[in-house]
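Peer 1: Okay, here's what each chain looks like letter by letter:
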Amino acid sequence: MTRKLVLGAVAYDPKVITIWDGFQRYFAARNLPFDYVLFTNYEKQVEAQFDGVIDVAWNSPLAWVQSVHLANALGRKASAIAMRDTDCDLTTVIAVRSDSRFASPADLNGARIGFGAADSPQATILPQAFLLQAGVSQATIDGGRLFDVSLGKHGDHVGGERDAARALARGELDASCVLDANLAAFMNEGIWAQGAIRILARTPRYDHCNFTVLDGAPPELVARFLEELLAMDYANPEVRPLLDLEGLKAWRAGRTQGYQALEAAVVRSPAFARWLEAARHTCK
Amino acid sequence: MRVLELGTLDHATGAATLLRRALALSHKGEQLLVRGDSRDLGFTLDVFARSEGHRLLHEGTHLILECGGSAAAKRAGARRAGGPNPTLGEVESHADPRWGVAARGALLEAGGSHFDFTLLERDAVWAEEASSLYRAASAAQWDPETAIPWAGFEAAPLPLEEALVQVLTYLIENETTALLVPTRLLPRVHPHFRETLQLLAIQAADEARHIEVFTRRATLSGLELGTSTVAGRASLKTLLEEHEFSTASLLLSVLGEGTFLSLLRFLERHAPDSVTRSIMSLAAQDEARHVAFAVAHLRRFALQDPAVLSRLSLAVERRHGALAGATGLSAEVFDALVVLAGAGITLNAIEKGHARVQQLLAEMETGRAHRLEKIGFEPDEAARLAALHTLNLM
Numbered sequence: 015m016t017r018k019l020v021l022g023a024v025a026y027d028p029k030v031i032t033i034w035d036g037f038q039r040y041f042a043a044r045n046l047p048f049d050y051v052l053f054t055n056y057e058k059q060v061e062a063q064f065d066g067v068i069d070v071a072w073n074s075p076l077a078w079v080q081s082v083h084l085a086n087a088l089g090r091k092a093s094a095i096a097m098r099d100t101d102c103d104l105t106t107v108i109a110v111r112s113d114s115r116f117a118s119p120a121d122l123n124g125a126r127i128g129f130g131a132a133d134s135p136q137a138t139i140l141p142q143a144f145l146l147q148a149g150v151s152q153a154t155i156d157g158g159r160l161f162d163v164s165l166g167k168h169g170d171h172v173g174g175e176r177d178a179a180r181a182l183a184r185g186e187l188d189a190s191c192v193l194d195a196n197l198a199a200f201m202n203e204g205i206w207a208q209g210a211i212r213i214l215a216r217t218p219r220y221d222h223c224n225f226t227v228l229d230g231a232p233p234e235l236v237a238r239f240l241e242e243l244l245a246m247d248y249a250n251p252e253v254r255p256l257l258d259l260e261g262l263k264a265w266r267a268g269r270t271q272g273y274q275a276l277e278a279a280v281v282r283s284p285a286f287a288r289w290l291e292a293a294r295h296t297c298k
Numbered sequence: 189m190r191v192l193e194l195g196t197l198d199h200a201t202g203a204a205t206l207l208r209r210a211l212a213l214s215h216k217g218e219q220l221l222v223r224g225d226s227r228d229l230g231f232t233l234d235v236f237a238r239s240e241g242h243r244l245l246h247e248g249t250h251l252i253l254e255c256g257g258s259a260a261a262k263r264a265g266a267r268r269a270g271g272p273n274p275t276l277g278e279v280e281s282h283a284d285p286r287w288g289v290a291a292r293g294a295l296l297e298a299g300g301s302h303f304d305f306t307l308l309e310r311d312a313v314w315a316e317e318a319s320s321l322y323r324a325a326s327a328a329q330w331d332p333e334t335a336i337p338w339a340g341f342e343a344a345p346l347p348l349e350e351a352l353v354q355v356l357t358y359l360i361e362n363e364t365t366a367l368l369v370p371t372r373l374l375p376r377v378h379p380h381f382r383e384t385l386q387l388l389a390i391q392a393a394d395e396a397r398h399i400e401v402f403t404r405r406a407t408l409s410g411l412e413l414g415t416s417t418v419a420g421r422a423s424l425k426t427l428l429e430e431h432e433f434s435t436a437s438l439l440l441s442v443l444g445e446g447t448f449l450s451l452l453r454f455l456e457r458h459a460p461d462s463v464t465r466s467i468m469s470l471a472a473q474d475e476a477r478h479v480a481f482a483v484a485h486l487r488r489f490a491l492q493d494p495a496v497l498s499r500l501s502l503a504v505e506r507r508h509g510a511l512a513g514a515t516g517l518s519a520e521v522f523d524a525l526v527v528l529a530g531a532g533i534t535l536n537a538i539e540k541g542h543a544r545v546q547q548l549l550a551e552m553e554t555g556r557a558h559r560l561e562k563i564g565f566e567p568d569e570a571a572r573l574a575a576l577h578t579l580n581l582m
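These protein sequence lines map, in sequence, to chains L and B. 15 is the number of the first residue of the first sequence in our numbering; add one for each residue after it. 189 is the number of the first residue of the second sequence in our numbering; add one for each residue after it.
It should be emphasised that the hints constitute simulated quantities derived from the structure, not laboratory data. Take the hints with a grain of salt, since some may be wrong.
Said to hold, decoys possible - Quick list of in silico lysine to aspartate or glutamate cross-link-like pairs, EDC-like style, CA-CA up to 16 Å: (1) K216/B - E260/L; (2) K91/L - E252/L; (3) K91/L - D65/L; (4) K18/L - D49/L; (5) K262/B - D258/L; (6) K262/B - E252/L; (7) K262/B - E247/B; (8) K216/B - E240/B; (9) K540/B - E561/B; (10) K18/L - E234/L; (11) K262/B - D65/L; (12) K18/L - D35/L.
Model, not experiment: these values are computed from the prediction.
Start from the sequences and build out the full structure, keeping to the hints where you can.
Peer 2: Okay, structure coming up:
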């Protein structure tokens, strides 16, 4: 039987099936034997890749950092082979009400800050690290409110950010942390009235998802996958709806310089250390 | 380089709308200098560029968007599916199932999934008259409450009232069939042939109204409804089993409703009261439009493809064969028509009524042959097929 390239993705939304079924048809039409497996959380997906269940993982930035550290612990090597154009140079915005007194992030000491899911790089981990550096106390961060929607999905489900945005609008929070592209989206949805919200601060740029492969993945299949992926053209009506669903105009070669801030923030976390210790013993 | 002035607009106040407009017709690599006074202008352009596939360049204090070509890429392969007007130049001969429910004349983005419409050929569902008949139908819609003089109603003598209720009972099941046939065809017609959809929809609405007024009149005098015969229902069932658009048009509209036109005019002439007279007159006006569309469609279809006539002949023969074991117009309905036409049950009245019904049946057959000739049948063949029509009339 022909060996298929098997990709792992996390089912954070029903559209994930539409996307990967569509890509599967696209690859099949180009003679790339391809299948995919969906996971309910990124931790299981990372472990499954080390167990050889999947060849390529469509990883969140946190899952990428987890993969790199697990690979280091197990003497293996992880590579980021591709990402979306929209995965590069993101920022998170600290949004406050326009009529609030806050002039800089440090003014948020003692304020009520809303974050996304506990494991969301963009709505929780990175803005918390940013605020700490900007002079906000650990006690203020710890006293912030987490909007935990779909833990294990690393904030892919935008519901947590949206709930925090609503809480800010209702006056239950003084600030909330939002992926920059979601700011306009929440305005368009009417969650925030025009003029009601302003940007207090913006984190440094960071990168988001990538396709991760480990050493030992079938090189020819991975090369074919990458070739077909990068050849996807937004002008092709067969693939355009899938790119729209996945939120990109073009795939790009992978890069890893946009994950340092996240890595620095998570390696200090006891939860990360616990997961890594457990995974290095259970994974092959 | 083109310049876009955003004033105070930014991400929070609709800047993206002007940015998209400015870049809609740009080619990849084309540059747009964006100026504005919002303190969040840089943020706005940064996020916009990333999400829309453009590049943001900083040249000194200038902010320049370099088009990534996504808008042009999105239009690649897009085409207009015909035009909005019901002329042959604008109604395509074949409708692509991918066009789905898009407006005729809209610019259709390429791609998308197939819709399950099965009637995709213009000739198979179309008539140039569809548009004007639809407009006429819209203008001629009547309100049963005000169009019919219910207030002045006086019941006819019992034998006439009983006969009328029996005929109305028969009409209701026929009109129910006439509602279901276009309704079942409607979701199969590709919406590119919009006027046909509209006409089928208003035809169904006509029948719904007929069912309402026939029922209301039948129960006005307090009598129970009449009999529904097995043979009558069997005859109508064959219409519901007709799945081909053109043969359904022939059997239901040209032959069935065409025959009913004569019946409704007959009932209008011999109505025992003004309510019935008014109902029959209004219903006949509606039915005439249904017949007109079917005749126009089939005449056109047969001109395009001469094989259509033989397919239609076969359909008439097939239905005749299917109903060969049936008894035709029930004695209940026939007798009721005789009583109504003679305006009573005296010997004289019955004799007079009987003659009138015989004459009606002959007129119906002549009318059918006449309409079949209009479609394109030779007179002999038209007469032969007219005689094969169900004795149950619809």
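Peer 1: Given the hint that K540/B pairs with E561/B, does the C-alpha gap stay at or below 16 Å?
Peer 2: violated, 32 Å
Peer 1: Checking one constraint from the list: CA of K262/B to CA of D65/L, max 16 Å. Satisfied?
Peer 2: Roughly 40 Å between the alpha carbons, so the hint for K262/B and D65/L is violated.
Peer 1: Run the distance test for K262/B versus E247/B: straight-line Cα separation, threshold 16 Å.
Peer 2: Not satisfied, since the Cα-Cα distance of roughly 29 Å exceeds 16 Å.
Peer 1: Given the hint that K216/B pairs with E260/L, does the C-alpha gap stay at or below 16 Å?
Peer 2: The hint is violated at about 22 Å.
Peer 1: Decide if the proposed pair is consistent with the structure: K216/B and E240/B, CA atoms, cutoff 16 Å inclusive.
Peer 2: holds, 12 Å
Peer 1: Verify the proposed pairing of K262/B with D258/L, using a straight-line Cα cut of 16 Å.
Peer 2: Holds - the C-alpha atoms of D258/L and K262/B are around 10 Å apart, at most 16 Å.
Peer 1: Sort out whether D65/L lies within 16 Å of K91/L, counting only the CA atoms.
Peer 2: Judged against 16 Å, a Cα distance of about 14 Å means the pair holds.
Peer 1: Does K18/L pair with D49/L here, judged by a C-alpha cut-off of 16 Å?
Peer 2: holds, 6 Å
Peer 1: Given the proposed pairing of K18/L with E234/L, does the C-alpha separation stay at or below 16 Å?
Peer 2: holds, 11 Å
Peer 1: Hint check: K91/L vs E252/L, CA-CA at most 16 Å. Holds or violated?
Peer 2: With a Cα-Cα distance of about 35 Å, the restraint between K91/L and E252/L is violated, given a limit of 16 Å.
Peer 1: Would the pair K18/L and D35/L pass a check requiring their Cα atoms to be no farther apart than 16 Å?
Peer 2: Satisfied, since the Cα-Cα distance of roughly 15 Å is no more than 16 Å.
Peer 1: Are the Cα atoms of K262/B and E252/L separated by 16 Å or less?
Peer 2: Status holds; Cα separation ~11 Å.
Hints 1, 2, 7, 9, 11 from the list above are not met by this structure, while the remaining hints are.
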